[in-house]
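Colleague: The chain contents come next:
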Amino acid sequence: MNTNKLLDLLRQNARLSNAELGVMLGETEKSVADEISHLEREGIIMGYSAIIDEEKADENGVTAIIELKITPIKDRGFDDLAHTIMGYEEVDSVFLLSGAYDLSVTISGTSLRNVALFVSERLAVLDGVLSTTTHFILRRYKEKNHVFNEDNFDERSMVSP
Amino acid sequence: MDYEKLIPQKIREIQPSGIRKFFDIAQQVEGVISLSIGEPDFKTPWAARKEAINILEKGKTAYTANSGLMELRKTVCKYLKNFIHTEYDPEKEVIITVGGSEAIDLAVRAIIEPGDEVLVPEPSFVCYSPIAAMMGGTAVPIVTKAENKFRLTAAALKEKITPRTKLLVLPYPNNPTGAVMRREDLEAVAEVLRGTNIVVASDEIYAEMTYNGVKHVSIAEIESMRERTLVISGFSKAYAMTGWRLGYVAGPQPIIKQMLKLHQYCIMSSPTVSQYAAVVAMEKCSADVEHMVDEYDMRRRLVVKGFNDMGLECFEPEGAFYVFPCIKSTGMTSAEFCERLVYEKKVAVVPGSAFGESGEGFVRVSYAYSVAHLTTALSRIREFLEELKKA
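These protein sequences, in sequence, are chains A and B.
For the first sequence, position 7 (counting from the first letter as 1) is numbered 7 according to the numbering used here, and the numbering increases by one without interruption.
For the second sequence, position 239 (counting from the first letter as 1) is numbered 1239 according to the numbering used here, and the numbering increases by one without interruption.
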C-alpha cells in the first residue's frame, strides 16, 4: 500500500469511498479500510472535515488570526499557555511559530465585536501573555489547496484531438 | 466568384474531423460536462514556463535554424537514446516541428505520391487519411479488434500490403483505444516489413503515458527497423504543452533531408520561445511527467472499473489517457449513444465512429479530468443506462 498516495487522495477529497480509493491505488477495498483504520489509530489521520467557504455559509461570520507574544515558563516552555488557549471552544487552531511572535491563534466568531471582546477579556489577560495583535480575515483565496470564488472554467477548448 | 470551381475537388472532398462534428452538437447544450477533451488538464511544468518568461525577458525572439534550435535537437537525441535506445544525429536526423501533427504531415507529404497507399491501423487519430488524400494517395485502414487488445497484428498487416504500399502509420500508444504495442507485437510487425520498401511513421506522442508497469517500446528499436522508421513525437501530451505547438521527428537522413525542405517552406522554424522552454521540459521536468502519469493512472483505474461495473465492457488501456468502452449492448450506434447522452444527461463523450468505421460500437472517454469531475460524469452515465433499461 502506498500510504503517501492514499493520504494525498484523502487530502484532496476525503469523501471518496474505500472502494474508489482501492481501485485508484490498485488495492482491495478491505486493505484500504485496514490502512485507514491503522492511520487513524496512529493519529496520522486525526479526523475529517469539509472545506467550507465561510463567507458564503454565514455572511456575518468573522475569523481572526491573533498573534500572541508570551513569556515561556522554565522547563515547560510555551505548552501551558497553549493548552489553556486551545481549551477555549471559540479557538479553531493554535500554532507555536518561529519568528516575531510566539503563538498564532485562529478564532471564529459571529461578529467583529465578539472576537475583539474574546481577545481582550480572555486572551490578553492571561498570565504570561505579553501582547496580542488581531488580524481579521477579509477574503479567502485558497485553503487546503482549494481555490475560492473561482468559477470552474475549463480553458481547454471543447474541440480537441 | 465561383468558389466551387476555385477549390480543387480533392480539397472540397476532405471531411471535417468527426470529433469536431460531434462538438458542434455538444456545444449547443448548456451545462454539458465533457469527457471528450484530448489534452492534459495539467499546466505545463513551472520550470518550462519560467524558462519561456526568461527567454522573453532576454528578447531571444528571432527565428531558429530551420530544423530547430541545436540545443533542443541535441536534447531530443539524448532523450531518445535513453528512452527508446536509438541514436540520431542532431545535425541531420531530427526536425523540431510545430506539434507532432506537422511531423505527420511532413512524413506523408515527403513519401506519398498519387496512387500510393498508406496503411492506417484503425480506430485511430483522424489526420492521417486526409493528408494522404491531399497527396493523391489512399489511406487503407487496417481494422484492429478488441479481442487483440486493439494491437496491429502481423497477419492483418500482411493482408493489406500491396505493391503500392509505401507507408505504415503506427499510432501507439493509441488514441482513442489506449492500446499499446508490446515488444513481441512490434517484432512480428517488423518481420513483415523487413525486405520491403515500406516506411513506418511511428506516432509516439503518448509514449510517456503507459501504465501497469508497461514501458513504451518504439519500432525503431527493433532490429533493422531504424532505417525505415520515422519516430514522431512531441511535448504536448507528456509535458502538458499543447498550446506551445512543439513536436519532433527523428529518422534516417535521406528522408529527413526531404522533409526539412517542406518544413522550411511552410514553417521556417518552430516557435523559438517554445523551443527554449522545451529544452528545460525535457531536461528538468521528468519528475513532473512522472507525477502526471501517476495521476492519470489512478483515474484510469477508476474509469475502467466504472464502465465495467455499469455493464459497458471496457478493454483495459495500457497507454494514453483514453478509455474505449463498448456500447453495443445498448443497441445504439455510437453517434446515437453520444447524442442522447449529451441531450439527456449532459455528458459529452466522442463517438468511436469518429476514429474510423471500426470504432463503431465504441465511445472514446478521456480521463484528463479531476477525480471529482470523473465521478460526477460516471454517475450520470450510469443513470442514463439505467433509464435506458427501464424504457
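I should point out that these hints are in silico values taken from the structure, not numbers from a laboratory.
These numbers were taken from a predicted model, which means no experiment stands behind them.
Backbone N, C-alpha and C define an ideal beta-carbon position, used for all residues, glycine too.
Fair warning: there could be bad hints in the mix.
Unchecked claim - Just a sample of chain A residues kept apart from chain B, beta carbon distances all over 12 Å, derived: (1) M24; (2) G26; (3) R76; (4) D79; (5) V94; (6) T134; (7) F136; (8) R140; (9) F148; (10) D154.
Stated by the list, open to error - The following label-pair restraints were derived from C-beta to C-beta distances: (11) B:W1046 x A:D58: 52 to 60 Å; (12) A:R15 x B:E1113: 57 to 65 Å; (13) A:A50 x B:R1012: 26 to 34 Å; (14) B:T1376 x A:E54: 52 to 60 Å; (15) A:G26 x B:T1376: 21 to 29 Å; (16) A:D34 x B:D1294: 21 to 29 Å; (17) B:E1290 x A:H38: 25 to 33 Å.
Colleague: With reference to the structure, classify each hint as holding or not holding.
Modeller: Hints, one by one, checked against the model:
1. M24: violated, 4 Å
2. G26: Answer for G26 (chain A): violated, closest chain B Cβ roughly 6 Å.
3. R76: The claim holds: R76 (chain A) sits with its nearest Cβ about 43 Å from chain B, beyond 12 Å.
4. D79: holds, 38 Å
5. V94: Non-interface label on V94 (chain A) holds, nearest chain B Cβ at 32 Å vs cutoff 12 Å.
6. T134: T134 (chain A) is indeed farther than 12 Å from all Cβ atoms of chain B, at 36 Å.
7. F136: At about 31 Å from chain B, F136 (chain A) clears the 12 Å cut-off, so the statement holds.
8. R140: holds, 20 Å
9. F148: holds, 16 Å
10. D154: violated, 7 Å
11. B:W1046 x A:D58: 52 to 60 Å: At roughly 36 Å between Cβ atoms, D58 (chain A) and W1046 (chain B) fall outside 52 to 60 Å, so the hint is violated.
12. A:R15 x B:E1113: 57 to 65 Å: holds, 59 Å
13. A:A50 x B:R1012: 26 to 34 Å: violated, 57 Å
14. B:T1376 x A:E54: 52 to 60 Å: violated, 24 Å
15. A:G26 x B:T1376: 21 to 29 Å: holds, 23 Å
16. A:D34 x B:D1294: 21 to 29 Å: Once the Cβ atoms are compared, 23 Å apart, the range 21 to 29 Å for D1294 (chain B) and D34 (chain A) holds.
17. B:E1290 x A:H38: 25 to 33 Å: At 27 Å between Cβs, range holds.
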